[in-house]
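Engineer: Going line by line, the protein sequences match chains B and H. If you read the first sequence in this note's numbering, its first letter stands for residue 1, the second for the next number, and so on. If you read the second sequence in this note's numbering, its first letter stands for residue 1001, the second for the next number, and so on.
Among the hints, a few may not be true.
Claimed, not checked - When the alpha-carbon atoms are kept at most 30 Å apart in a straight line, the in silico DSBU-like pairs for lysine-lysine are as follows:
(1) H/Lys1047 - B/Lys370
(2) H/Lys1101 - H/Lys1114
(3) B/Lys370 - B/Lys486
(4) B/Lys486 - B/Lys512
(5) B/Lys74 - H/Lys1128
(6) H/Lys1128 - H/Lys1101
(7) H/Lys1216 - H/Lys1047
(8) H/Lys1215 - H/Lys1101
(9) H/Lys1215 - H/Lys1228
(10) B/Lys370 - H/Lys1114
(11) B/Lys287 - B/Lys230
(12) B/Lys109 - B/Lys74
(13) H/Lys1215 - H/Lys1047
(14) H/Lys1114 - H/Lys1228
(15) B/Lys370 - H/Lys1215
(16) B/Lys51 - H/Lys1228
(17) B/Lys51 - H/Lys1396
(18) H/Lys1305 - H/Lys1396
(19) B/Lys370 - B/Lys478
(20) B/Lys370 - H/Lys1216
(21) B/Lys287 - B/Lys512
Claimed, not checked - Just so you have them, the derived chain H footprint on chain B, three or more residues with Cβ under 8 Å:
(22) 7-21
(23) 33-44
To be clear, the hints were calculated from the coordinates, so they are not data collected in a lab. As the structure is a computational prediction, the values presented were derived from the model and not from experiment. The beta-carbon is built from N, C-alpha and C at its ideal position, and this holds for glycine as well.
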Amino acid sequence: MQLTVWTYEGPPHVGAMRIATAMEGLHYVLHAPQGDTYADLLFTMIERRAKRPPVTYTTFEARDLGSDTAEIFKSAARGAYERFRPQAMIVGASCTAELIQDDPGGLTKALDLPIPVIALELPSYSKKENWGASETFYRLVRGLATAQPKAPESRLRRPVCNVLGPTALGFRHRDDVREIAGLLFQLGIDVNVVAPLGATPEDLTRLPAADFNVSLYPEIADVAVRFLEKEFGQPYTKTIPIGVGATNDFIVEVCGLAGIEVPDLSAFASNMPWWSRSVDSNYLTGKRVFIFGDGTHALAAARVAADELAFTVVGLGCYNREFARPVREAAAELGIEALITDDYLEVEAAIARLQPELILGTQMERHIAKRLGIPCAVISAPVHVQDFPARYAPQMGFEGANVLFDTWVHPLIMGLEEHLLGMFREDFEFNDSAGASHLGGHGAAEKVSEAAAASAQAGEGAVAILHWAPEAENELKKIPFFVRGKAKRNTEAFARDQHLDTITVETLYDAKAHHGR
Amino acid sequence: MTQLIPPLAAKALSDCAAPPPARVVLRERGQREVFCGLTSIMWLHRKMQDAFFLIVGSRTCAHLMQSAAGVMIFAEPRFATAIIEERDLAGMADINEELNKTVSRLLERRPEIKLLFLVGSCPSEVIKLDLGRAAERLSMTYSPRVRILNYSGSGIETTFTQGEDACLTAMVPELPETDDAGLVVVGALADVVEDPFARIFEAMGIGPVHFFPSKKAGQFPPVGPNTKFLLAQPWLRDTARTLEARGATHLPALFPLGAEGTTHWLKAAADAFGVSAERFSAVTEMPRARATRALARYNDTLAGKSLFCFPDSQLELPLARFLSRELGMTLEEVGTPYLHSVHMADELALLPAGVRISEGQDVDLQLDRCRDARPDITLCGLGLANPLEQEGLTTKWSIELVFTPIQGYEQCGDLAELFARPLNRRTRLAV
Chain B
1 MQLTVWTYEG PPHVGAMRIA TAMEGLHYVL HAPQGDTYAD LLFTMIERRA KRPPVTYTTF
61 EARDLGSDTA EIFKSAARGA YERFRPQAMI VGASCTAELI QDDPGGLTKA LDLPIPVIAL
121 ELPSYSKKEN WGASETFYRL VRGLATAQPK APESRLRRPV CNVLGPTALG FRHRDDVREI
181 AGLLFQLGID VNVVAPLGAT PEDLTRLPAA DFNVSLYPEI ADVAVRFLEK EFGQPYTKTI
241 PIGVGATNDF IVEVCGLAGI EVPDLSAFAS NMPWWSRSVD SNYLTGKRVF IFGDGTHALA
301 AARVAADELA FTVVGLGCYN REFARPVREA AAELGIEALI TDDYLEVEAA IARLQPELIL
361 GTQMERHIAK RLGIPCAVIS APVHVQDFPA RYAPQMGFEG ANVLFDTWVH PLIMGLEEHL
421 LGMFREDFEF NDSAGASHLG GHGAAEKVSE AAAASAQAGE GAVAILHWAP EAENELKKIP
481 FFVRGKAKRN TEAFARDQHL DTITVETLYD AKAHHGR
Chain H
1001 MTQLIPPLAA KALSDCAAPP PARVVLRERG QREVFCGLTS IMWLHRKMQD AFFLIVGSRT
1061 CAHLMQSAAG VMIFAEPRFA TAIIEERDLA GMADINEELN KTVSRLLERR PEIKLLFLVG
1121 SCPSEVIKLD LGRAAERLSM TYSPRVRILN YSGSGIETTF TQGEDACLTA MVPELPETDD
1181 AGLVVVGALA DVVEDPFARI FEAMGIGPVH FFPSKKAGQF PPVGPNTKFL LAQPWLRDTA
1241 RTLEARGATH LPALFPLGAE GTTHWLKAAA DAFGVSAERF SAVTEMPRAR ATRALARYND
1301 TLAGKSLFCF PDSQLELPLA RFLSRELGMT LEEVGTPYLH SVHMADELAL LPAGVRISEG
1361 QDVDLQLDRC RDARPDITLC GLGLANPLEQ EGLTTKWSIE LVFTPIQGYE QCGDLAELFA
1421 RPLNRRTRLA V
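If we strip away everything but chain B, and leave its shape as in the complex, we get (with noise of 0.2 Å):
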């Protein structure tokens, strides 16, 4: 039994959900209680689609379940049948049904309907939503895809991918995927099936007729994309192109699949690499950065945070376990320790002892960090409706690296203003406690981030307690309070490393002799 407040990740059968619904053509019945409804304004209101996804659920009651839930069950799969007409149709269980043990993949064999039907297990109890998604569309590009006649081989036909993973309710999907299908053609590469999203069932018979595939989202499309290269031959990208350097590297792994010249990649422009050596950006030297997300968002934003905007990683993690080995492996070469874990009180925890300049992460860390008082952008799911923008806004590509930059350093205080700020900092007007002037201020915030900070010390157990002396508590105030509590941080530190009981200005300013900045 695990005691939980807020998850990152859905039920599978939501991450089946996120197939269904990103698809044309494909319905979805679900053996289901009253209640798990709520799952379709994930996509109605927080995704803003215009459709009801295409689900059915049988809707059972305490009173069926003496009787005949299993009859409930042929009767909405064929009344969905018959309404929604679809090209095929995926069958499943969520929690309870799955207690109940009513077999709906059997049950609609029974129905004998003339379309493929296939049928998902999804253990509710051990397995969460992306696995569900995972597994989805992997059993569908199984029960479906069927080998292609290859276009004949010739100089002039240009080569085919697949671009795989793409789902609804994902982070920056519907523009990822415009970003690399427009790399791709610049290329000289054509796309033959992007999947799930706005794909048939039909097209994905048709998967075999590509060269390569191109695997955009590992979490959804790594099994599929396995099973494609065991079965049909087809070799799949590993680099996911997020950042200038992990784009450029995907430039060179698609065209080495495609068998093509890479091209001059010059020609590719991002603003991003000049942004970030403009003197202004100065200022982001050595910021502090927090990283948290799905296993590829956190491990390209670790890259991107590090090499393209030579911020300090001192926190990366990841809450799906089935990606902690790149997690860790790339953790240690930064040398720190990654945080795998689904309980976001413990990164809560670890936000709080770590205090950071700057968090990348999901929904969760986003509120989090508005808690502690420090500025934070959203670079993984779960998201929620401000993650959807109206505007074109990639992660991936070229664009999406620009993207990047200007998400990741807008929610800082700018350079100059943070001198300022540390200058004259008893300005009635122009303080800390206002928060940056391009923002709206969280200075309410500064209280709960020093409490959040001793409380997250408290945690750590027996250490010496360190008193601070009247002089130096008013020279800590005077630090901008988005520094205040590293230096208090390292002050304390200091003084036990010195084996000092009490804290003076001294103290204070030799901690900062010691640490530096």
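With chain B held as given, fit chain H onto it using these hints.
Structural biologist: Positioned in the frame of chain B, the structure of chain H alone reads:
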């Protein structure tokens, strides 16, 4: 009726006295696009400030709780989910031990909790996890510091607001006993609604008045044979029955939506407590006139517009009565998840003859009827609103009605505004 009774209330009262016309209710079974009872924790955990709701359920329950609110309430909420995992399903002895551990961890972390609800879910009901016994067992450990109660908010038994009914029903046996006369207002209400009601009751000389549920677990209202209670919400079937079993008397009335409903509701209490007609008029005249003035502003927008209600909270009938009688709207269909004919008797009597009332749902069939009717405004859940907007229908999210203070005289204008705004918006937009 004397001259002192306001004309609107007089009409309502005389209408109620007439035998209700025979109603044909369309009852449907099929896919229901509604929330389960767990969702009512969204307002209950804000209302009761020292109570905590521990859902014993699945990852789906936890996901529902964070998705259904639309915005996440990140000040640490007073609810959580104990997620049943595969290994818990292996053996029942194990799962009870796990629950003990979970509760102990929770109470250590949140020492301010005075009242803990173990809330049953679909999976806990299906595996027949006995939360009643668990609550008894845990109460022995944590009493008197923490009271531990249980109820089920499962979707196989409860729809949305019925979760509040189940929660309050579980609390009724805990209420202290009294022989003194008093009034209890039953059903969670916003503070801005409670306070004006309390002032009106005081001005009429009715007292003591208690609101149930109250903000603190320690302020449970006493009940007994001389207690009279008003239902502030239409979804409290079992709570009412349990209060009656303890000797309390239900005061039947319209629900306090709109000036007419509020007057009728207050009048039921005034009559039961022997308040003179003069005094009743004197106390209610001003706020009623204010409500009428506030509503007049919306007449142009709403009069003659048609309404179609999908089932959601059980507020649909009182709302339809208010919108048709006080704002001149016409009714295409009034859907409700559950129709309690006794508590709804007065409401039903005031709905226009021939209006289609439906109970339960087959959402695809109901959508077909809605598309045929092409109502001016459709009251529906979040899963349906945007798809219907895309089809050119104007919608009002029904969940907003349970998250907004809408009861009483002072809220009449706000309630009308909820329906006028989507129409107003559609008129303004030129994109």
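Engineer: Sort out which numbered hints this structure fails and list those numbers smallest first.
Structural biologist: 11 and 16
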